[in-house]
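Chains A and B supply the protein sequences, listed in that same order. The opening residue of the first sequence carries number 43 in the working numbering; numbering runs sequentially from there. The opening residue of the second sequence carries number 5 in the working numbering; numbering runs sequentially from there.
Honestly, the hints are just simulated from the structure, not real lab data. Here a beta-carbon is modelled for each residue, glycine too, at the ideal position from N, C-alpha and C. It cannot be assumed that every hint is accurate.
[To be verified] Reference excerpt, derived from the structure (chain A facing chain B, CB under 7 Å, subset only):
{"no.": "1", "residue": "R49"}
{"no.": "2", "residue": "V54"}
{"no.": "3", "residue": "G80"}
{"no.": "4", "residue": "N210"}
{"no.": "5", "residue": "D277"}
{"no.": "6", "residue": "T283"}
{"no.": "7", "residue": "L288"}
{"no.": "8", "residue": "G291"}
[What the hints assert, rightly or not] Quick list of in silico lysine to aspartate or glutamate cross-link-like pairs, EDC-like style, CA-CA up to 16 Å:
{"no.": "9", "chain 1": "B", "residue 1": "K46", "chain 2": "A", "residue 2": "E285"}
{"no.": "10", "chain 1": "A", "residue 1": "K267", "chain 2": "A", "residue 2": "E225"}
{"no.": "11", "chain 1": "A", "residue 1": "K264", "chain 2": "A", "residue 2": "E320"}
{"no.": "12", "chain 1": "A", "residue 1": "K264", "chain 2": "A", "residue 2": "E226"}
{"no.": "13", "chain 1": "A", "residue 1": "K90", "chain 2": "A", "residue 2": "D111"}
{"no.": "14", "chain 1": "B", "residue 1": "K46", "chain 2": "A", "residue 2": "E226"}
{"no.": "15", "chain 1": "A", "residue 1": "K55", "chain 2": "A", "residue 2": "E226"}
{"no.": "16", "chain 1": "A", "residue 1": "K284", "chain 2": "A", "residue 2": "E318"}
{"no.": "17", "chain 1": "A", "residue 1": "K270", "chain 2": "A", "residue 2": "E319"}
{"no.": "18", "chain 1": "A", "residue 1": "K171", "chain 2": "A", "residue 2": "E126"}
{"no.": "19", "chain 1": "A", "residue 1": "K284", "chain 2": "B", "residue 2": "D44"}
{"no.": "20", "chain 1": "A", "residue 1": "K284", "chain 2": "B", "residue 2": "D41"}
{"no.": "21", "chain 1": "A", "residue 1": "K224", "chain 2": "B", "residue 2": "D39"}
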Amino acid sequence: LLQGHERPITTVKYNYDGDLLFTASKDLVPSVWRSETGERLGTFTGHKGTVWDLDCDRFTQRLLTASADATVKLWQIETGTCLETFTHRGPVRGVAWATGGQYFATISDPFVEHNAKICVYHVPTNVEKWSDSPKLEIDLPKIQGKRVNPTSIHWTACNEDLLVAFDNGVVRWYDPDTGDVKEEIQAHDKKINRLRMNRQQTLFITSSADFTSKLFDVVDGKHLKTYKTDRPVNDAVISETKEHILLGGGQEAMSVTTTSGKVGKFETRFFHLVYEEEFGTVKGHFGPINACAYIEFACYE
Amino acid sequence: MYLTIVFPQPVDINPNGRNYASGAEDGYVRLHHFDKDYLDMKDPVPEEGEEDEEDDIDDEEENGEVAAAATPAPQ
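With the rest of the complex left out, here is chain A (with noise of 0.2 Å):
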């Protein structure tokens, strides 16, 4: 274990078989893990900025990893090696794959005079090239001259809409042909900093700087349940197997000359899907106490 690197986690992921886990950091190297066992399988190394997000597709064959270094790029697992990069205009906060994994998606912040941007890129698994340039390009211009930055993007069932969550609250679902807003609504009154959906693509959870977590139903945006905490919420997932949320963050506000020394400091808190009822909190901290209680490893290069 090396201590003292703080690179913050920004995404953790599991593949869709449940073997895998796929991790990215702030030190530019994404990684993947045996979930069973927390042995490190390999890393995928070229980005120049922090990796924000990334996604995987359904069969584990290909990659892809989202950079404040205003690139996406597309990887082949098995190998590591670097398919494609897609240069954006600013720092790409969020990729997904589309159903079937011949699309993605990317959200990317504004930068300098460029507005932020939904992009839509066809990477079909026939061909060995692809064009760098969006097959769909959706520009979010700046709303009463503030800046919205959108914070996460889903493919909803069958690549019916975009679901994208923006830093002021609002979750909208865009045409992903045409561009077109389809529905909006004001989930939040602050930042949603995170967006999930269930596997079967019916229900999705934001995860927002109100202190809450909600549940809404993808089809309809109907608001269904709401799970209340005393911090932000910055990750939000629903249990597969069980009808369970696990929500993670409860970082507390915190004095930037006071912050050394006590970082380190996360906790998950287990709630039930449908009473809303917390259950549980399972609280994480450092040093080799802990070491016997979980399989704990380094994102380190």
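Here the structure of chain A is known, so what remains is to put chain B in place on it, guided by the hints.
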């Protein structure tokens, strides 16, 4: 001067439900394996006045050492 620093602190649960992973700002990823108690747990229908219910979700390794304290629901 005070600033709010928000770290990503991502979580994901294995689709097979047997483990979950959480990432922290210290650069560590923690892989938590659920123990048998959690996997066998039936979700009780909450009733009023039933506050001291214990739904343990302790993490443990193969040797069964209990790691994280599960707290009962606050309200």
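To see whether the hints hold, each was checked on the structure:
1. R49: For A/R49, the interface hint holds, since the closest Cβ of chain B sits about 4 Å away, which is under 7 Å.
2. V54: Since the shortest Cβ distance to chain B is 5 Å, the answer is holds.
3. G80: With a closest approach of 5 Å, the A/G80 hint holds.
4. N210: violated, 16 Å
5. D277: holds, 5 Å
6. T283: holds, 3 Å
7. L288: This hint holds: A/L288 lies near chain B, its Cβ roughly 5 Å from the closest one there, short of 7 Å.
8. G291: Because about 4 Å separates A/G291 from the closest Cβ in chain B, which is inside the 7 Å limit, the hint holds.
9. B/K46 with A/E285: With Cα atoms ~10 Å apart, B/K46 and A/E285 stay inside 16 Å; holds.
10. A/K267 with A/E225: violated, 20 Å
11. A/K264 with A/E320: The given pair, whose Cα atoms are some 22 Å apart, is violated under the 16 Å limit.
12. A/K264 with A/E226: Satisfied, since the Cα-Cα distance of roughly 11 Å is no more than 16 Å.
13. A/K90 with A/D111: holds, 6 Å
14. B/K46 with A/E226: violated, 37 Å
15. A/K55 with A/E226: Violated, at roughly 27 Å.
16. A/K284 with A/E318: The hint holds at about 14 Å.
17. A/K270 with A/E319: holds, 9 Å
18. A/K171 with A/E126: holds, 8 Å
19. A/K284 with B/D44: holds, 10 Å
20. A/K284 with B/D41: holds, 13 Å
21. A/K224 with B/D39: violated, 44 Å
Consistency with the previously given hints fails for numbers 4, 10, 11, 14, 15, 21, ordered from lowest to highest.
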